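> What follows is each chain in one-letter form.
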Amino acid sequence: MSGETDRPLVVEGLTKAFGSVVANDDVSFAVDGGEVFGFLGPNGAGKSTTIRLLLGLLKPTSGTARVLGADIRDEAALTEAKRRIGYLPAHLGFDGEVTGEAVLDYHGAMKGDGRREELLGLFTPPIERPVREYSTGNKRMLGLVQAFMHDPDLVIMDEPTGGLDPLKQEAFNEFVRDERDRGTTVFFSSHVLSEVRRVCDRVGILRAGSLVELEDVETLLHRSGKHVRVHASDAAVAAIADLDGVIEPKRFAEGVQFIYAGDVNALLGELATHDVSDVEIGEPPIEDVFAHYYGSEESVDGGDDSGAASDGRDESDGVGTPDESDGPGATNA
Amino acid sequence: MLETARYEGRRRLRGAAILTAGVGAYAGFIIWYFTVLEGVDYEDVFEDLPPAMLDAFGIESLSTIEGFLGAQVFNFVWLLGLGLYFAYVAGGTVAGDIETERMDLLLSFPVTRSRLLVEKFAGLLVPMIAVNALGGPIIYLFVVAVGETIPLDHLLLAHLLSIPFLLVCAGVGLVFSVAVDRSAIAERAAVGTVFVLYLVESVVGGADAYDWLQYLSPTQYYEPTPILIDGSFEPIDSAVLLVAFVGLLILSQVLFERRDV
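Top to bottom, those sequences are chains A and B. Using the numbering used here, read the first sequence as starting at 1 and increasing by one per residue. Using the numbering used here, read the second sequence as starting at 1001 and increasing by one per residue.
The set of hints was computed from the structure by calculation and includes no laboratory data. The structure displayed is predicted, hence computed values, not measured ones. Be careful, since some hints might not be right.
[Said to hold, decoys possible] Calculated from the model, a selection of chain A residues having no Cβ within reach of chain B, i.e. all distances over 12 angstroms:
| id | residue |
| --- | --- |
| 1 | Lys16 |
| 2 | Ser48 |
| 3 | Thr79 |
| 4 | Glu80 |
| 5 | Glu170 |
| 6 | Asp275 |
[Stated by the list, open to error] In silico negatives: residues of chain A with every beta carbon more than 12 angstroms from chain B:
| id | residue |
| --- | --- |
| 7 | Phe18 |
| 8 | Leu58 |
| 9 | His91 |
| 10 | Arg115 |
| 11 | Ala235 |
[To be verified] Some but not every residue of chain B turned toward chain A, in silico, with C-beta under 10 angstroms:
| id | residue |
| --- | --- |
| 12 | Arg1006 |
| 13 | Arg1010 |
| 14 | Ala1145 |
| 15 | Thr1149 |
| 16 | Arg1182 |
| 17 | Ile1185 |
| 18 | Arg1188 |
| 19 | Leu1255 |
| 20 | Glu1257 |
| 21 | Arg1258 |
C-beta: ideal position from N, C-alpha, C; glycine also.
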């Protein structure tokens, strides 16, 4: 691990208040060189606010951060550092009237585009068409190309995979791992647990504007448990719900769903002894992880609301990974 | 260097072409209409109008092509129409990008906010220069085509001296553009401000009470009709406009520098 001054991203007591609403409350963490750092939290937790502070788009109320050594309150230093920073915002406000190619030409003229062709081979937006005709996924791919094409040392991304189809998401994950191996530092936010676990080395968790945990991905996954949904007879459901490691079982007409924090093999063994018509095991939605491991459901909701009201830019477009979209759907069933 | 100005300027090319074509067509109609009115004692029509109104519309000498152009084209199109147009368009420059979150991308570039602002504003020079550099020759050709003459130097001056005036109108729009988050509000506020200043100047210009108010309006410092008729103008007026424009630009930079986007 390198010293504090060499670390590409050091956040120190960063606080941002919009009027009376505190979107970021004394957030501190650091990202090491050549690491993929996931910034995880439910929608409205204040992730976009942190990211926009790091880029100098917002001014901190107190505290500060250093990005590639530049204090974010020092415009000249931060501007110089931006030559080596790639940024992918959550919402891509490209100029709709021009083609993707014109957008890349402009971005390239501003910061360089040495890797443009290579990236266009990997992510494939239709660059000859005007951006207003782009789907969300195509816009995201254009955004990824512009974020990486000047071969930055640090890449900051806000919900980078929203709108990408599963194949492109996998390509993205692999690409991020390769970039890390080349020495690029990657910092990205997500509200999708399965996304960060595939690529991140470490994870910071933000809730209601405060950093609540900073841990490695294995620990997080170990603690988060599985989301399980079983269709079975009433007798079987009663037995299954009594298993060790079953948290907050919720009955529905044909079965039960719960978070399972124990050994998956033990669960499968138990399930095999009953007459089970259907079973789904997947990762829990991140809201459930928070509810069960970091506090009550009420406080998560409270954080959600105040955060969303304060920032207004933190909403995702509601497109998650396939296993993530299973989760909330099942919860509401 | 100047990549943003070039990009923004290119985005304005089509709008500039449409604007120039529209203004040219209107000028063509007015010049043709002047020939239709020949023989009509047109000035009698306006004889009964109050002096304030004649002054407001820049009506001096409607029986000559210079006077007619000054009143019907320059006072209506350049002073009012283009003044409002550039206030409106400038109002959308920054607020529009903030609203669509395009500004997030622009500010991720290695460029300072003040420089980005100046270069974005520079894109507005494309329609501003096009409508004058092409509109002037178009007007001249129409005048010649209907068998009239107009002093070339007067026409040139009327166009040249409109630039500082239009810069101030755009500067008003730019201040609103960096001060608010939504382009519709910035555009309306900019248009409203320039229009109210025009009205105030028209109203108090003919009276003694509170006549200092007229000096607040940029329209006070650009009077195309006398320029067209006898080439007379006050250099200090253009200087006042340029100083005001620089002041508005600096104010915009300060506001943009301080704000969250």
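> Please list, smallest to largest, the hint numbers that this structure does not respect.
Violated: hints 1, 2, 3, 4, 7, 8, 9, 14, 15, 16, 17, 18, 19.
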